[in-house]
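K.L.:
Chain by chain, the residues:
Protein chains: 2
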Amino acid sequence: MATYKVIGTRPIRHDGVDKVTGRALYGADIQMTGLLHGRVLRSPYAHARIKSIDVSEALKHPGVEGIVTSADLADPGDRIAELGEGSVKLHDLSSNCLARGKVYYQGHAVAAVAASSPQIAEEAVRKIKVDYELLPVVIDVRKAMAEGAPILHEGLVTESLAANGAKKPTNIAKHVQFKLGDPDKAFQTAAVVVEREFNTATVHQGYIEPHNATALWHHDGTLTVWCSTQGSFSVRGQLAELMEMPTSKIKVVPMEIGGGFGGKIRVYLEPVAAALSKKTGKPVKVLMSREDVIKATGPTPASHIKVKMGADKNGRLVAAQASLAYEAGAFAGSPVGPGCMCIFACYDIPNVHIDGYDVVVNKPATSAYRAPGATNAAFASESVVDEICEKLKIDPLEFRLKNAAKEGTRRADGPTYPRVGLVETLQAAQSHPHYAAPLAKGTNPHFKRGRGVGIGFWFNIGLKSAVTATLNADGVVNLLEGSTDIGGTRTSLAMQFAEAIGLSASDIKPAIGDTDTIGYTDVTGGSRVTYATGIACYEAAQDMKRQIIERAAGIWKIKADDIAFDDGAVFAKSDASKRLTVKEFAAKTAHHGGAVTARASVDPVFPGGAFAAHIVDVEVDPETGKVGILRYTAVQDCGKAIHPSYVEGQIQGGVVQGIGWGLNEEYYYNDKGELMNASFLDYRMPTALDLPMIDTVIVEVADPNHPYGVRGVGEVPIVPPPAALAAALHNALGVRMSELPMSPARVVKALE
Amino acid sequence: MATYKVIGTRPIRHDGVDKVTGRALYGADIQMTGLLHGRVLRSPYAHARIKSIDVSEALKHPGVEGIVTSADLADPGDRIAELGEGSVKLHDLSSNCLARGKVYYQGHAVAAVAASSPQIAEEAVRKIKVDYELLPVVIDVRKAMAEGAPILHEGLVTESLAANGAKKPTNIAKHVQFKLGDPDKAFQTAAVVVEREFNTATVHQGYIEPHNATALWHHDGTLTVWCSTQGSFSVRGQLAELMEMPTSKIKVVPMEIGGGFGGKIRVYLEPVAAALSKKTGKPVKVLMSREDVIKATGPTPASHIKVKMGADKNGRLVAAQASLAYEAGAFAGSPVGPGCMCIFACYDIPNVHIDGYDVVVNKPATSAYRAPGATNAAFASESVVDEICEKLKIDPLEFRLKNAAKEGTRRADGPTYPRVGLVETLQAAQSHPHYAAPLAKGTNPHFKRGRGVGIGFWFNIGLKSAVTATLNADGVVNLLEGSTDIGGTRTSLAMQFAEAIGLSASDIKPAIGDTDTIGYTDVTGGSRVTYATGIACYEAAQDMKRQIIERAAGIWKIKADDIAFDDGAVFAKSDASKRLTVKEFAAKTAHHGGAVTARASVDPVFPGGAFAAHIVDVEVDPETGKVGILRYTAVQDCGKAIHPSYVEGQIQGGVVQGIGWGLNEEYYYNDKGELMNASFLDYRMPTALDLPMIDTVIVEVADPNHPYGVRGVGEVPIVPPPAALAAALHNALGVRMSELPMSPARVVKALE
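Those protein sequence lines, which keep their order, are chains Y and S.
1 is the number of the first residue of the first sequence in my numbering; add one for each residue after it.
1 is the number of the first residue of the second sequence in my numbering; add one for each residue after it.
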């Protein structure tokens, strides 16, 4: 592999000090002369028709300056908004921001008030009178698919199902299907076939920072919005649709973001704040409470999955079949598609049949969550694989190596893999000391210990990124990019630019532009930023080098053809005395032509995809069902780790979220569709006290599409944990868990 | 001349609505969590040694968080800061921000307090005890030059004077000299020689918005400053010196600016706010009052000028001689150099001798003011020319045409003119109805009426500018530039980009970047922005066109060689069916490669210079000395007027300031050097009620160095008014005024 000077080192992050000293500016920090405060009225009911909304009393409340309802947002109908990770029908997006005719889940926004203080807005919200007609509630994906279920959207008729004669309204918003070979025939040749059903719960991304938006409607019909988002241009595009204005009339300023994980791509508050500002003529800030976030943003779907897999006596998978039903929540759009594409993506299986169903239920509309759809799917397929290994008495990593997808393997959904690194990842897991170490005995003889493995796949995406860069006279480069920085991409991008131009990471000063100052850049999601925006950084550095060569030709009065750039310096090929490092050259720009400004816009092909293999040791108290994690090792192909500490942090973060999903996290609803645990006290995420240090192993199989071989890193680590934990629990207890989370109560019940 | 679609039209200004509705954000609007408020302690004395500063009582005042003095700023010694328009010794710049050892003028900053409220800061300032040793004061340029004058800077010895044996301390900071031919000999051949002396007063730019600065010292040693400035990069550079840090550790965010006219280039509050923030660890905002602005920022110098000119009997100037003594104020750096270069710049005179003296006095350090130094000089030389015309009985415009500088004329300070437009300007003035119209009789028979003319020159400069531009999918271009917008340059730049790319002005969305988001750009001054940043816009549009052609090649799958861009569209030369307007192409970028981002950095040669000819009719009440303006016509060569309304506005604004300078404005000092009129009530600027509509005539002699022929516009209109008014007063009253302002009291005195 190439040797690098900057890439692969661990410099201090550029935004670190500001963040730990409280100087970083988040959306909630926005202050402005004449700022009004918005509050949202939310539905107490999970399913109801809105017969009327009476805002007259609320409007009379002193200090109230304006109230908006769905009438203040456009209804763009059936057109689709591509959000980078997933898409949404614009009618649904609008109706989710402010309910149009019906509320579909408890917490659904109905109206919003702008007032001189948050307290007054809160009081006024309580004075809005909504006349609801209650409707029957359905909050379970299987019940929603059943004959006679309450129908959420009367107009919803799914084409592919209608073809089967079912021309009546349904809660099944979409049916996807992938076929490869002849599974029915192949299953008959299998030495072992395992078929199981699985259920997973609704879980939330759990980002620290609640959603927020401040909008200023200017009197010339332009709009400025400050918010916490994964994609400022995505917000701009969504606002343009919902406010019916050209994108270029909107400026979105992305503030620092306290976590997103996929949940801060679609808009919630931004159109509400914009409509309130338009109505009042003043700037309006709207913040969510934690309860709002849990009840009314986009968690990831609960699901019901059936998997059937068969292998021959040599341990080669011959056929696989799956049916995945994902809860979309209130509006169509669960990640069941990616779930179907990922469920068998780690394996080279010649015969596959996959059906996916996107099903609406009376829960908040789901949105992306780190490798959307893949974790649910892997829990199911990996649990079946573990059982096959048990039956065939084959080491689970050996079995996976035997069946591993590699360059040339065709996935059931169509694509054939380019160079990918699953084999190398599995080999690294096999040879890791963790896998060789025996399970140590614990101090409590009643506790049971076990080990499990699980693997996972995520695509990673490319999409559009823009970068501009300016060389200062002191040799520091201002790097302006459009990707909001959630996981440290500011630094991983700066490092790539530094490598390409021959400077150090601290010589690059990265900043994130608003939508008026940088070119169109897609969302921070799909593990794309270090890959795609990294390519933009590389290309911008090439543009800078070309200009440095041209300028040097002028300084030295020789032809540009005789000049080269290498190893951080520009020099005359024919005259060794003519040589300037970038810093020396930069100092000359103060007198020669001014700053060098460089730019790049890219839209690269998608990378090859990322694979992970996890090993986990657990200890279970059979009496209480509590599961403790003794040791956890996550191995992953990262292509090339630009900043290994960040890569490790991404892997550790993903694992922890996967552990929470596997063991604890779930939305508890009562029969009325009321959420019973909308707080971080009752919605239990793992804390540092619950976990050991997560070991990470970075495998580097370069992606040929990126100049430095980068693959996306951030998402795939969340995929294997629930499956690995289930395998470990089986190893410890001898029972197979088929439902997430594998909470203490469920473990005890399974043991009974 | 070329025909244009956008250039020469009068679109609505992009920032107009925000400014008239109060939505534009100025420095005083900055709010921030934990913001402290700074106040500056200023010297009550015009000249004193600081024996001690005791801040102990002030520090104990509840709410006070920090106090700074000159010890908190670096003293970079003799190094020079180039400020774009003029330069300054960094020791002086630092000592002007916070007095170091001595105070040199009343209002000189001595210390500053940061406290939790402006009121507390104000109270604490009064508790700082400064022990002053009073020193003798000199506030007049001639007295300061005289033998035995109080010396401001003990170490000041001027080299060129020392060569004459005067090796002792002096108040003459600089002596400049320009010689051409042999004036002494030539004067002997003259038919008429006029020699006169003139005095002009200290006047202030009078911008509406007082200086302000908010600084945030980050804990990683970086600094962010929000301020009102003509040059964000200039502020960055000055701060880097005074705070001893690399420029790239500083981010300067230029807020909207409520006027500058040259007075918002050097820093006053920015280093003070930065030092206070560094000391307190919190953001600090410091605002000036109007009194602070008048007493302690940089007005333009009072001056004493001697002029001798001679012409032959045919009305050809044969020789000219001048001696200009300009008050620098507290520190060296008056614009006497440009004054010397401009004084005879309108004329083709073969024999010239000019001496200039930069003289320190106990007044605030002067700074640039619209065509710095030229107005004082033109008042003197144009008054002498008017007297020569009178003596030779030649029409004053005819005389000027006879002697007009043109392409090939050599200026006494060295350069030879390229294509310039003085002749065309004079011809336009001659043929203007105003010049042909007789002076109408007034209603009051005691009042006297008269007409005068005056002409003026200003260089205009080039310097460095950077621009980036992004094409949005809706066909609107985000144009990011580094030039702070004082006079509407946002729109004049957008129009040039629009012209070059084939869009309309409203399709371009201009914005001004901070120092982290745009390449190095010199100050908004020297009438350079529409010229130099305009060239950057043109070049960035070419970069955008090149990329559009490359992308089109990809879309059409043909060679880029076969593609051209013209008239706002990209098309295949060989296939008429392949044609996309920029807007059509832009829509495709959403699916083809993303945004097109373009850039340019330029450092063009200086333009040829600008000339103006003014005609004014006045009515004088001999009893009170009040001068009323009946009619005013300003003719000016603008090269090419991008937005004629703005050009007219610039001309009108310059004329009004010149009228104020000519008739009313002056700093009144008592003998102790205390300023007696530091308010807009007592410092009398012309208002709309004092003035008629100023007629403007735009002459367009294209500057060959600019793609659209632009010359700078903003400064030269301030140059002729005092001289033209003096000529008109002579025409009305028969007396020649030799001192500015020609206030009622002076008019009455002259008539006595």
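Certain hints may be false.
[Stated by the list, open to error] Derived coverage of chain Y by chain S (criterion: at least 3 residues anywhere in the stretch with Cβ under 8 Å from a Cβ of chain S; other residues may be distant):
| # | segment |
| --- | --- |
| 1 | 43-51 |
| 2 | 214-223 |
| 3 | 596-606 |
Simulated from the structure, these hints should not be mistaken for lab results.
Just so it is clear, CB atoms sit at the ideal spot from N, CA and C, and this is done for glycine as well.
K.L.:
Please name the hints from earlier in the document that this structure breaks, with their numbers sorted from lowest to highest.
P.N.:
The structure conflicts with hint 1 only, although it agrees with all the remaining ones.
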